[in-house]
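Student: Position chain B against the provided structure of chain A, taking the given hints into account.
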Amino acid sequence: MEKTILGITGEMAAGKGTATEYLMKKYGATSYRFSTALRDIAKRMYLKESRENLQKLSTVLRENFDDNILSMVIYKDVESDENDLIVIDGVRRVPDIEFLKTLPGFRLAYIDADIEKRYERIIKRGENSDDNSKTFEEFKKDHQREAELQIKDLKNRADVIVDNNGSFEDLYKQLDEIIK
Amino acid sequence: MSKIIIGLAGEMASGKGTVSKYLEEKYGAKVYRFSDTLRNILDILHIECNRANLSNLSSIIRQNFGEDAISKAIAESVKIDNNEVLVVDGARRPEDLKYLSEIVGFKLVFVEADMEKRYERIVKRGENMDDNIKTFEDFKKDHKREAEFQARELRNISDAVIDNNGDQENLYRQADGLIK
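Chains as they are written, first to last, in the numbering used here: chain A, -13 to 166; chain B, 88 to 267.
Hints are computed from structural coordinates only; laboratory data are not their basis. We treat Cβ as the ideally placed atom computed from N, Cα and C, and that holds for glycine. Fair warning: there could be bad hints in the mix.
To be verified - Here are the simulated DSSO-like cross-link-like pairs (lysine-lysine), alpha carbons at most 27 Å apart as the crow flies:
(1) A:Lys12 x A:Lys141
(2) B:Lys267 x A:Lys29
(3) B:Lys117 x A:Lys29
(4) A:Lys110 x A:Lys11
(5) B:Lys159 x A:Lys42
(6) B:Lys185 x B:Lys108
(7) A:Lys34 x B:Lys185
Claimed, not checked - Rough simulated footprint, nothing fancy, chain B against chain A, three-plus residues with beta-carbon under 8 Å:
(8) 27 to 35
(9) 94 to 101
As the list claims (entries may be wrong) - Some but not every residue of chain A turned toward chain B, in silico, with C-beta under 7 Å:
(10) Val46
(11) Asn50
(12) Lys62
(13) Ala144
Chain A on its own, in the form it takes in the complex (with noise of 0.2 Å):
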C-alpha cells in the first residue's frame, strides 16, 4: 500500500474525531493534530492547557516565527513517521492545507453535517465546558468567528466529502472508500 495522509476538517461537532477513531482503530493509523505540539509546549511549561493558553501559545508563536509554523511542525512529525495511514486531524486554516498539500500521498476529506445533526452531537457529548448549556442560537452564533468561517472555504479544496448525516455505518463505509 501506497503512504495515505488523510487531512481532515469540517465544522464543530462533524464527526471529525469519530472518523480519526475509526481509522486508528481499522486501519492502524497514526494520528496528529495541530493542537499536539502546542499542548507539548504547555505541558514542558507546566502551564494549564486551557483553550486560553493554547490559543495564545499559537498566536505568538505564528507571529514570532513562521505563520506556519504549525503545519511545519506536523510536516516534519508525518514525514518521519513510516506508517501507510497517517491522519491529520483538525485542520483549520487555508494556508495549513497550501502547506500540507505539498505532502506527498496527502488528500483531504471535508466532513460534511447539518447544522440541527451537529448541535443535536455538541450537546451530547460536552467536550468543552459550555456545550451542554448551549442554545440552537448561540451555537449558530459560533459559526461566525473566523477561525468557523475559514472551514466552510476547506469544503472547495477538498479532495473528498464525507457526508456525516447518517449513522455510523454510513460513515465508516465512505472512510473505507476512502482508504481502498
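Tutor: Relative to the frame of chain A, chain B by itself:
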C-alpha cells in the same frame, strides 16, 4: 543527606560549566540548565537551537506568559526530581530565582574569575562560532550588555562565591565545600 539544590551564576566563561560537570561526576548531581525549557520547546517545533532562536523564544515567552514563566518551569522540574544533588546552571537575572529560591535546600552560588582569565578560557574553548575570533576589546564590550550586567547583580544576592582564578584543584575543593 537532605536535598541540595545549587543554582550557578557567573559571567561568561567564569567556570560554571566546569563546576556542574564536577558535581555531576563526583556527586552524581543532576544538572539542569535554564535554557533546557527553551531548547525542548525549539525541539518540539523543529526549530534550530541557535542563540538567536533561543533568545527570541525567551523574550516572547516572558512577554506573553510572564517574566517568571521560565523560572517557574525549571522550579517545577527541580521540585519533582528526587536526586539528592541538583544543579541549575545559567541563572542570568534575579527573576530566574524567584521560585527556585523558595525550595528548601536551594543556594545560589556565584562563580567568579577575572576578565583576563575568562577571556583566555573563552578563546580556548570556542563554544560559539564567533567566540573564536573575538578580540579582548569585543569581549569587554559584551559585558556592557543588559544580560551580562544583570548576571553580575546576582553576586549580591548569592549565598556563596567561588573564586575561580586558580587551578582546577582549587575550584574543585571549593565545589566540595558546597556539598558538605
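Student: Does the CB of Lys62 of chain A sit less than 7 Å away from some CB of chain B?
Tutor: OK, holds: Lys62 of chain A within 7 Å of chain B, min 5 Å.
Student: Hint Ala144 of chain A vs chain B: min CB-CB distance below 7 Å?
Tutor: This interface hint is violated because 27 Å lies over the 7 Å limit.
Student: Next pair to validate is Lys34 of chain A with Lys185 of chain B; report whether the Cα-Cα distance is within 27 Å.
Tutor: Holds, at roughly 20 Å.
Student: For Lys267 of chain B and Lys29 of chain A, compute the direct alpha-carbon distance and say whether it is at most 27 Å.
Tutor: 35 Å, violated
Student: Verify this for me: three or more residues of the region 94 to 101 of chain A with a beta carbon less than 8 Å from a beta carbon of chain B.
Tutor: This one is violated; 0 residues, fewer than the three required, reach chain B with a Cβ under 8 Å.
Student: What's the verdict on Lys185 of chain B and Lys108 of chain B, does the C-alpha distance respect the 27 Å limit or exceed it?
Tutor: The given pair, whose Cα atoms are some 25 Å apart, holds under the 27 Å limit.
Student: Does Lys110 of chain A pair with Lys11 of chain A here, judged by a C-alpha cut-off of 27 Å?
Tutor: 23 Å, holds
Student: Grab the minimum C-beta distance from Val46 of chain A to chain B and call the hint holds if it beats 7 Å, violated otherwise.
Tutor: 5 Å, holds
Student: Taking the least C-beta to C-beta distance, is Asn50 of chain A closer than 7 Å to chain B?
Tutor: Because about 5 Å separates Asn50 of chain A from the closest Cβ in chain B, which is inside the 7 Å limit, the hint holds.
Student: Hinted pair, alpha-carbon criterion (27 Å max): Lys117 of chain B, Lys29 of chain A. Please report holds or violated.
Tutor: 21 Å, holds
Student: Against chain B, does the region 27 to 35 of chain A show at least 3 residues with beta-carbon separation below 8 Å?
Tutor: It holds: at least three residues are needed, and the region 27 to 35 of chain A offers 5 whose Cβ sits within less than 8 Å of chain B.
Student: Decide if the proposed pair is consistent with the structure: Lys159 of chain B and Lys42 of chain A, CA atoms, cutoff 27 Å inclusive.
Tutor: 18 Å, holds
Taken one by one, the earlier hints fail for this structure at numbers 2, 9 and 13, listed in ascending order.
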